[in-house]
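Heads up: the protein sequence lines correspond to chains A and B, in order.
The UniProt record's numbering numbers the first residue of the first sequence as 1 and each following residue consecutively.
The UniProt record's numbering numbers the first residue of the second sequence as 1 and each following residue consecutively.
Think of the hints as simulated: they come from the structure by calculation, not from any bench.
Bear in mind the structure is a predicted one, so any value in this text is a computation, not a measurement.
Just to be clear, a hint being listed does not mean it is correct.
Put simply, identical chains are the same to the list, so a pair is met inside one copy or across any two.
[Said to hold, decoys possible] Here are the computed lysine-lysine pairs in the DSS-like style, where the Cα-Cα straight-line distance is at most 30 Å: (1) K183 to K124; (2) K241 to K155; (3) K193 to K88; (4) K183 to K88; (5) K183 to K241; (6) K241 to K88; (7) K193 to K241; (8) K88 to K155; (9) K193 to K124.
There are 2 protein chains.
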Amino acid sequence: MGESAQSASGQAEFDRDIDVRRTDATTYAADLAPGWVVGGGVNGGYLLSVIANAVSQHLPRHPDPIVVSAFYTSASVPGAAQVRIDVKRDSGSLAIVSAELWQGDDLRLTTTATYADLDGLHAKANPLERVTLIEPELPPREECVVTHSAPDEVKSFVPMLERFDMLVPPEQFVWAGGEGSGKGTFSAWFRLKDRDADPISLLQVLDALPPVTYDLGMPGWAPTLELTCHVRHKPAPGWLKVTHTSRNLSGGMFEEDCEVWDSEGRLVGQARQLARVPRA
Amino acid sequence: MGESAQSASGQAEFDRDIDVRRTDATTYAADLAPGWVVGGGVNGGYLLSVIANAVSQHLPRHPDPIVVSAFYTSASVPGAAQVRIDVKRDSGSLAIVSAELWQGDDLRLTTTATYADLDGLHAKANPLERVTLIEPELPPREECVVTHSAPDEVKSFVPMLERFDMLVPPEQFVWAGGEGSGKGTFSAWFRLKDRDADPISLLQVLDALPPVTYDLGMPGWAPTLELTCHVRHKPAPGWLKVTHTSRNLSGGMFEEDCEVWDSEGRLVGQARQLARVPRA
Chain A
1 MGESAQSASG
11 QAEFDRDIDV
21 RRTDATTYAA
31 DLAPGWVVGG
41 GVNGGYLLSV
51 IANAVSQHLP
61 RHPDPIVVSA
71 FYTSASVPGA
81 AQVRIDVKRD
91 SGSLAIVSAE
101 LWQGDDLRLT
111 TTATYADLDG
121 LHAKANPLER
131 VTLIEPELPP
141 REECVVTHSA
151 PDEVKSFVPM
161 LERFDMLVPP
171 EQFVWAGGEG
181 SGKGTFSAWF
191 RLKDRDADPI
201 SLLQVLDALP
211 PVTYDLGMPG
221 WAPTLELTCH
231 VRHKPAPGWL
241 KVTHTSRNLS
251 GGMFEEDCEV
261 WDSEGRLVGQ
271 ARQLARVPRA
Chain B
1 MGESAQSASG
11 QAEFDRDIDV
21 RRTDATTYAA
31 DLAPGWVVGG
41 GVNGGYLLSV
51 IANAVSQHLP
61 RHPDPIVVSA
71 FYTSASVPGA
81 AQVRIDVKRD
91 SGSLAIVSAE
101 LWQGDDLRLT
111 TTATYADLDG
121 LHAKANPLER
131 VTLIEPELPP
141 REECVVTHSA
151 PDEVKSFVPM
161 LERFDMLVPP
171 EQFVWAGGEG
181 SGKGTFSAWF
191 RLKDRDADPI
201 SLLQVLDALP
211 PVTYDLGMPG
221 WAPTLELTCH
231 VRHKPAPGWL
241 KVTHTSRNLS
251 GGMFEEDCEV
261 WDSEGRLVGQ
271 ARQLARVPRA
């Protein structure tokens with residue numbers, strides 16, 4: 001479980017699932033994997049990783065997503081898709097890129113993002129560090145519940161649960177029937193099934209947990225209006241801690257802040273989304 | 001001061017400054033006002049209000065920006081500009097719109113946003129309210145310093161300071177020579193010179209305060225990589241409270257969270273940006 005068990009080809013499942021190939025000067029073909037289905041669509045974070053993989057190949061000098069903003073226009077389905085790339089600006093150190101995911105004539109997702117070489121940015125950066133956010137406390141993994149041990153009827157609706165190990169404190173396991181703490185926050189241990197995280201897969205991690213509204217007694221789908229992801233550091237190998245929090249649910253919408261902490265206790269990514277509250 | 005003193009034409013200065021006129025099916029002409037200059041460019045929040053004004057005219061059924069993501073590609077200058085609009089999706093209740101600001105052949109700013117009728121969204125919304133963010137405490141306005149009382153050499157560099165009343169606690173007045181509290185947060189009273197705030201002007205308010213890095217002893221320009229604004233409620237008339245906070249400064253970048261609270265104590269807007277730390 002989570003032991004870097006790659007396939008015989010040596011390629012991890014996630015890398016196969018986000019694979020793209022160039023089809024013209026600005027278009028890449030992808031094949032959205034059925035394993036990333038969540039209910040009526042394909043996981044939005046996985047789609048961001050597919051897009052980022054295309055942009056990263058398109059701009060080899062700027063391989064890492066730094067900040068990605070995404071608007072979802074229609075639900076994706078497994079199968080063929082196209083990533084269309086429009087480079088808005090390419091300076092020496094950064095590129096600003098619009099990239100859209102299409103399936104046939106249907107726009108699924110429009111993104112704008114800044115890409116760079118994260119190591120290069122860091123090498124030239126002001127060395128000051130000042131992080132006042134606090135790494136979430138989680139029980140030891142052996143005391144947690146593995147989400148892919150969910151009942152078959154849940155997994156048939158959310159096959160994505162088998163793509164990773166997500167370990168949650170038993171009292172937080174709300175999407176399997178719990179009530180939620182009412183605090184508007186929950187956390188989980190997280191690891192892709194067969195490889196460690198990198199800047200591209202972090203985009204998936206930043207949208208992997210269920211909506212924090214489950215913790216507020218409102219189960220169900222919370223449609224994302226916009227999601228912004230910040231990739232701040234390359235994660236160290238090993239388990240990640242992921243936390244979701246909402247502090248402003250009002251007028252039928254809520255913001256949800258996500259943090260991803262790596263095995264060395266570093267805050268490697270943040271995301272914020274604005275989403276609609278599930279129907280009562 | 002701040003007493004709704006509109007011009008003889010009855011039009012507030014801000015409305016004149018964000019005025020646009022349609023020039024073809026998808027393009028609007030604007031005239032960026034020199035009064036919004038900040039150092040080497042034009043205030044990014046003001047530019048978002050100009051763009052939103054064009055989109056609002058373009059989509060009369062969806063007059064209000066709900067969530068706006070902006071990437072700045074080059075510094076704007078006062079004078080003629082064009083807003084180019086590309087509607088990605090227009091459902092019954094929401095529109096997703098790409099809008100860019102150009103000056104001649106130079107792209108200044110690329111935005112994607114969701115627009116809607118905020119009153120209509122709220123009328124159909126889940127009525128639950130749960131806000132755990134806390135309205136900032138500020139001294140009474142008469143004990144604060146008005147930023148447009150800054151020395152002339154500051155105002156000639158930042159003429160924007162005369163567009164609004166921004167009242168700051170004296171010990172926070174760091175951009176006039178103070179040291180900063182080191183806490184990574186500061187707040188201000190805010191009001192446009194001659195009119196109350198609305199969803200379009202809120203975009204300006206969400207990017208009006210100086211970078212929070214001033215409070216961390218790092219004065220100077222902090223280039224924004226990306227800014228996302230959430231407009232959650234129409235502000236009540238009167239003074240706003242605006243607060244900036246950073247909790248994650250690392251690797252030469254920081255996130256900055258902005259909150260805007262209205263005169264009735266409601267959290268009406270939030271923004272988050274990822275910016276580069278000023279050079280040491």
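Quick rundown of the hints versus the structure:
1. K183 to K124: between (40 Å within a copy, 25 Å between copies)
2. K241 to K155: Classified as within; 22 Å inside a copy, 46 Å across copies.
3. K193 to K88: neither (35 Å within a copy, 35 Å between copies)
4. K183 to K88: neither (41 Å within a copy, 36 Å between copies)
5. K183 to K241: Both ways: K183 and K241 sit 18 Å apart in one copy and 26 Å across, limit 30 Å.
6. K241 to K88: So K241 and K88 fail the 30 Å test inside a copy (34 Å) and across (35 Å) alike.
7. K193 to K241: Only inside one copy: K193 and K241 sit 15 Å apart there, 46 Å across copies, limit 30 Å.
8. K88 to K155: For K88 and K155, neither the intra-copy (40 Å) nor the inter-copy (33 Å) Cα distance is at most 30 Å.
9. K193 to K124: neither (34 Å within a copy, 41 Å between copies)
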